[in-house]
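2 protein chains.
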Amino acid sequence: MHSTSMQQTTLQQEMAKLQYNQDGLIPAIAQQHDTGEVLMMAWMNASSIKETLATKRVCYWSRSRQKYWRKGEESGQIQTLKEMRFDCDNDTILLIVDQVGPACHTGRKTCFYKLVQNDDVIVDSEPLIDPKELYGK
Amino acid sequence: MHSTSMQQTTLQQEMAKLQYNQDGLIPAIAQQHDTGEVLMMAWMNASSIKETLATKRVCYWSRSRQKYWRKGEESGQIQTLKEMRFDCDNDTILLIVDQVGPACHTGRKTCFYKLVQNDDVIVDSEPLIDPKELYGK
Numbered sequence: 118m119h120s121t122s123m124q125q126t127t128l129q130q131e132m133a134k135l136q137y138n139q140d141g142l143i144p145a146i147a148q149q150h151d152t153g154e155v156l157m158m159a160w161m162n163a164s165s166i167k168e169t170l171a172t173k174r175v176c177y178w179s180r181s182r183q184k185y186w187r188k189g190e191e192s193g194q195i196q197t198l199k200e201m202r203f204d205c206d207n208d209t210i211l212l213i214v215d216q217v218g219p220a221c222h223t224g225r226k227t228c229f230y231k232l233v234q235n236d237d238v239i240v241d242s243e244p245l246i247d248p249k250e251l252y253g254k
Numbered sequence: 118m119h120s121t122s123m124q125q126t127t128l129q130q131e132m133a134k135l136q137y138n139q140d141g142l143i144p145a146i147a148q149q150h151d152t153g154e155v156l157m158m159a160w161m162n163a164s165s166i167k168e169t170l171a172t173k174r175v176c177y178w179s180r181s182r183q184k185y186w187r188k189g190e191e192s193g194q195i196q197t198l199k200e201m202r203f204d205c206d207n208d209t210i211l212l213i214v215d216q217v218g219p220a221c222h223t224g225r226k227t228c229f230y231k232l233v234q235n236d237d238v239i240v241d242s243e244p245l246i247d248p249k250e251l252y253g254k
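Protein sequences, first through last, are from chains W and Z.
Under this note's numbering, the first residue of the first sequence carries the number 118, and numbering increases by one thereafter.
Under this note's numbering, the first residue of the second sequence carries the number 118, and numbering increases by one thereafter.
Heads up, a few of these hints could be off.
Identical copies carry no separate label here, and so any pair may be met within one copy or between two of them.
Claimed, not checked - With a Cα cut of at most 25 angstroms, we get these calculated DSS-like pairs of lysine-lysine: (1) Lys-249 <-> Lys-184; (2) Lys-249 <-> Lys-173; (3) Lys-226 <-> Lys-134; (4) Lys-199 <-> Lys-249; (5) Lys-249 <-> Lys-167; (6) Lys-199 <-> Lys-226.
The set of hints was computed from the structure by calculation and includes no laboratory data.
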């Protein structure tokens, strides 16, 4: 049926529709698969998307270091890909992941630990691991 | 104690740290407060952040229309702000919201309805409402 066939396209077709910014990057949100916690947002390019799908280990593009950022390659805190999703406008990726330990370089589970409370901002989670230990430096 | 006082800053101080892109925008992820579903990602500027905090109704900046985008102003599908969070790098916002009806302009609850499955991409949710009805046009 037509309506059913509309609901499935090839990955190649969908990859071609992705809207990268002027640096060839697209934002990717990582969400922990079982708790639903939003862990972080980072950027991917076409190659890091392909690598992530092939290896099932999340690979971003680091804007600050201008190189591939295989999450956990230094810290050991890898992200295993459970699902990859594209949005309606093809300009954002949602990664459903299994995060080993903290996602955040501060040693916290999630990067979103700064909560606005009226005229203040409070930090409402503690590091699971001392970042010095994470990066062994 | 010093460590405790470090955990609280003013909203004004944190707002001043936010890292906007060359267009003065910062990405904002909207997550449904009770289900944990990631609904959408859009962009905010400093004014739309302030308005959102003041009114508790989420206001984005529409890049395509180059104007404030008070979510739901046309469709009625408003987003009420429950929590606003900033990330460790001050370059992404997480909005914990209560979304009335669909967040997506296609009439779906979430914009992330395209799921990669091996070499295909499938659409795994249906519109809750016909988009023609949403926008009444």
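Evaluated hints:
1. Proximity of Lys-249 to Lys-184 under the C-alpha cut-off of 25 angstroms is restricted to the intra-copy arrangement: shortest distance 22 angstroms within a copy versus 44 angstroms between copies.
2. In this assembly of identical chains, Lys-249 and Lys-173 lie within 25 angstroms of each other by CA distance neither inside one copy nor across copies; the values are 27 angstroms within and 38 angstroms between.
3. In this homomeric assembly, Lys-226 and Lys-134 come within 25 angstroms of each other (Cα to Cα) only across copies, at 22 angstroms, whereas the closest approach inside a single copy is 32 angstroms.
4. In this assembly of identical chains, Lys-199 and Lys-249 lie within 25 angstroms of each other by CA distance neither inside one copy nor across copies; the values are 29 angstroms within and 34 angstroms between.
5. In this homomeric assembly, Lys-249 and Lys-167 never come within 25 angstroms of each other (Cα to Cα): the closest approach is 32 angstroms inside a single copy and 36 angstroms across copies.
6. Taking identical chains as interchangeable, the C-alpha atoms of Lys-199 and Lys-226 lie at most 25 angstroms apart whether they share a chain (18 angstroms) or sit on different chains (21 angstroms).
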